[in-house]
Amino acid sequence: MKVFLKLIWFFKLRKKEYLIGLSMLGLVAILNLIPPKVIGYVIDEIGNGELTTQSLAKWVGIIIVVAILIYIMRYYWRRMIFGSSTYLAKLLREKLFHHFTKMSPSFYQQRRVGDLMAHATNDISAVQQTAGGGVLTLFDSVTTGGFVILAMAITIDWRLTLIALIPMPLMAISTSYYGKLLHSRFREAQAAFSDLNDKTQESISGIKVIKTFGQQDEDTADFTRLSNDVVDKNMKVAKIDSLFDPTISLVIGFSFMLSLGFGAKFIYEGSMSIGDLVAFNTYLGLLVWPMLAFGMLFNIMERGSASYDRIEQLLEVPVEIDDKENALDSKPNGDIGFKIDDFKFPGDQASALHSVHFTLKRGETLGIVGKTGSGKTTILKLLLREFEGYNGEIRFGNHTIDDYKKQRLREAIGYVPQDHFLFSTTVFENIAFNNPQENREEVEQIAKIAHIHDDILRFTNGYETIVGERGVSLSGGQKQRISIARALMMKPELLILDDSLSAVDAKTEEAILKSLKEAREDSTTIITSHRLSAIEHAHLIIVMDDGTIVEQGTHEELMALQGKYFEMYQLQQLERLVEKGGEEIE
Amino acid sequence: MNNKSAFSSKEQTQILFRLLSYLKPHKKAVLLALFLLMLTVIGDVTGPYLIKIFLDDHVATNNFEFEAIILLAVSYFIIQILNVIISYFQLVKFQEIALKIIQQLRIDVFSKIHQLGMRYFDETPAGSIVSRATNDTEAIKELFVSVLSSFIQAAFLIVGVYIAMFLLNPMLALYALVLLPLIFLVIYLYRKFSSVVFLTMREKLSQLNAKLAESLSGMGIIQTFRQEQRISEDFDKINDEHYAAMMNNIKLNSLLLRPVIDLIFFTAIVLILTYFGMASFNTAIEVGVVYVFITYINRFFEPINNVMERLAFYQQAIVAASRVFALLDNEDIEPKQEEREQVISSGLIEFKNVTFSYDGKANVLKNISFTVKPGETVALVGHTGSGKSSIINLLMRFYEFGDGDILIDGKSIKSYRKKELRNKLGLVLQDPFLFYGTIESNIRLFNSSLTKEQVIAAAEFVQADKFIEQLPSKYDQRVSERGSTFSSGQRQLVAFARTIATNPKILVLDEATASIDTETEVAIQSSLEKMRKGRTTIAIAHRLSTIQDAELILVLHQGEIVERGTHQELLAQNGLYHKMYLLQNGIVE
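Line by line, the protein sequences are chains B and A.
Under our numbering, think of the first position of the first sequence as -7, with each following residue one higher.
Under our numbering, think of the first position of the second sequence as 55, with each following residue one higher.
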């Protein structure tokens, strides 16, 4: 019942719908009492020879009117109650999604997309069940059950009612017992099924090994063994599942026998008519559903409650990085001063960055090089204010970056991430991501700077080609260039290329860097790269190792130093040579 | 390619019949289940009839003859009990048949997967192949478990009730026949409208989920580009559309499912009352007959409501089945062997003018020819994409090639039996894949003819025994998914032992030392040396130091052999090999 309390805000919100729906439901329960009674009267009148054309027309007329009323009301309560529960699902989904958009990267690092998806689908649908089927079951089983019993006791015979009800609790008890058994067996069946799933997954991942060792038949035999287990576990479920229907007919059968036997006795004694007995039996049939429903109700509510708690927990995760009070509502510009003495990622023991100090003048280019894990991307993450909690300060223009509104800071930075993520939409909308209303010429102009325009024209639908997961597959280099164009569309004060040229060939890289330089004369650029050619012409190059700067200077200075940078440069020259097949290059 | 969700009724029938053909091996069980079902229907029909006798012959006439009533009560009781027992077994039997059919379907899918060529796996995401074998077949299960059995049950009960009604009152039974077309009309209308509504609902749902998944994975980008607002609006729009589609579905279900069936039920009641009421004006009517007819009509509608509720499952099952059958009918199967009775005895390998392309357009191997003499080692070197792995893929028969030929012991590789090739060629992959199980099960794989001693001997031979002996459970140590608790070196040693256990004539090493931590590297190197002794070896090597003693080194570039010779000869040539060598040794001129 707790879950209904938690959902009270929603019931209030949809007060009208629930009130209408539930009163219709109650009315249907009452109306349903009429036809059995009418049948009883008709049978009695036939038996006594009292039936006339008029009375028959009256009785039949009543049933027809009742039937039509029931049809209409059923239509409406379903619409009201199921409609409301669907509305609740929509609301929760909306809430969750809006909440997700406010969560910082660390939120996403701690959770898997699949789990978040499960909350937004399975949990919401369990809550939806509670607000729809749950409410319905609770209300309907109480009203229908109550009304039917009342009708039997008041209009027919209370003694017979009591007698006929004797076996009924047995049904509620046994179905709820079966439900419990079913629950644990069902879990086992699910586990067997997921083992089968894992097995299939593993066989497909290891397909080469299996083929190499020629063990297809043996592997299939192993699969068969697991699928036998699935059959066994499911048979255990089936054995309980199949108990429901027979048990119900058994209990109802007992009730029928009791009511017939004692009913016959009452008729013999003259305190009841045959019509009453027939009506009584029809009422008994109406009791099946409320009894069954009561058994199921518990399950629905338990699931709904657990799911609702999980959703609430997610919604309660606070927004981590927020604007300061009186944060500056202006777009930052100017020099960048990066002075970090120490930074650890939340929950980590070791420093991710220590003693990283550099200054980048407006319009200059910074190159960051170093091995994977040396701290290149961490510098960028701090600049983007994805993480906080460092010793030191980062200045952009005349203020530290947390003085600005987060939205305004982001407006100034065009970021091209390492993993080029494209959305499942047209090339045009991917490039014009920050403003889908952008005009075509502008987008093409930018695409030319990123050297992707010609590629796009070669796609089947040009700029209208759908890309991303469900679209055409692009090469890594094409994706990178589209994400560069996407960042350029913002005309950012600061452009950050996070190893974003790794998949394009050396010639294209050079061309892109050249046109970037021309198009962004007064703007600042930060490039991280494995390939030194990408940062060779930077105004400042820093060499990162183990979270700190080991060398810094211009290309010439660093070469003269004959240190780490020099070594890397020599090796890469040779590598390029090998890639080209060994022919000497000038 | 499998996103199609609307089928013409002809396609639907074809799919349904193909599914039904899976019933054939269970003919006996099906007949038994049907027989039991028939018994329960007879029970369902006779029960109310006994009550009719009770009402007419005893209650209405006040004839309370003790023995007769006891006889009636006892027979009613026995019928009830029997009915309960039989219907329980009948229900269980139907479920059993359904589960067995689904199991067969799964096994079919799984063994089909094993017959498919590597090309299929290159093109299809693993997740969707897994779905075919598990989730889709699970959706079909619903068809057999709930849809088909409730359809059959409904059909039997309807026929049984009609027969009973005909025996009692043929005239009224004829009138009642009017109900059938009415019900079929409702089913027809529902299916007609629901297929549209259902389709949009599923479409909206998949859009909703896709949008959600994509936004979650791309949240970083959305936030850096400050598009939270716009993406939220997009999401809200799809969410609203999904809500609207759901509402349409609710409305349709409310109009045409349970409520309308109940309306027809009331019509039937009206029909019965009117008929008997009119008849009673002329002749005496036994009230028991009225009672029994009303009970029959009640019984009659139970299965119909069941069927209506399960119509939606039917549609889903058909869609799932179409996907499963598409996989079963896939013709992208692995290369065929001529299966001739011949044995690989010496291990001489010859590539003769082999040209190969994965996509039929760009050749990744061009006119490759070389010979590996028995017991010798040939090393393949070259940068990524030069064609090294393709040579191994062809030798292992993962892909079919068109031009040229590969000979082993002078006979085309295509002519051998598959089993012979698998026994005599041992491949060690770059990424040593370990299966869930134990160390021992990973060395033996499914080969039950290996004794435990042979498994241990293989491990000792490749010097994997040292680390295995140190594990708490030694050879019975659990290996978790993909062997993630072991270092890459340890995994590689297990993979070596696995290969050595089959004692192959020819050893194929696909960059076997590429992803190895330095601690185990020494062990691996000496194991490799031991393994190569007396075996023809083809090795792809990243680290040139590992192949310096090879009898022949082939340097590949863009699908062609550009240099060939021994280590010393190639160094002397001062070409590509020389540069690679310098690069790897970090020697800078």
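Honestly, the hints are just simulated from the structure, not real lab data.
Don't take every hint at face value.
What the hints assert, rightly or not - 30 Å max Cα-Cα, derived BS3-like pairs, lysine-lysine: (1) 87/B to 265/A; (2) 305/A to 7/B; (3) 257/B to 200/B; (4) 29/B to 415/A.
Status of the hints after comparison with the structure:
Between the alpha carbons of residue 87/B and residue 265/A the distance comes to roughly 15 Å, so the proposed pair stays at or under 30 Å and holds. Pair hint residue 305/A plus residue 7/B holds up; C-alpha atoms about 20 Å apart against a cutoff of 30 Å. Proximity of residue 257/B to residue 200/B is assessed by CA-CA distance (about 79 Å); at most 30 Å being required, the pair is judged violated. Only pairs whose Cα atoms come within 30 Å are accepted, and residue 29/B paired with residue 415/A is rejected, the gap being roughly 80 Å.
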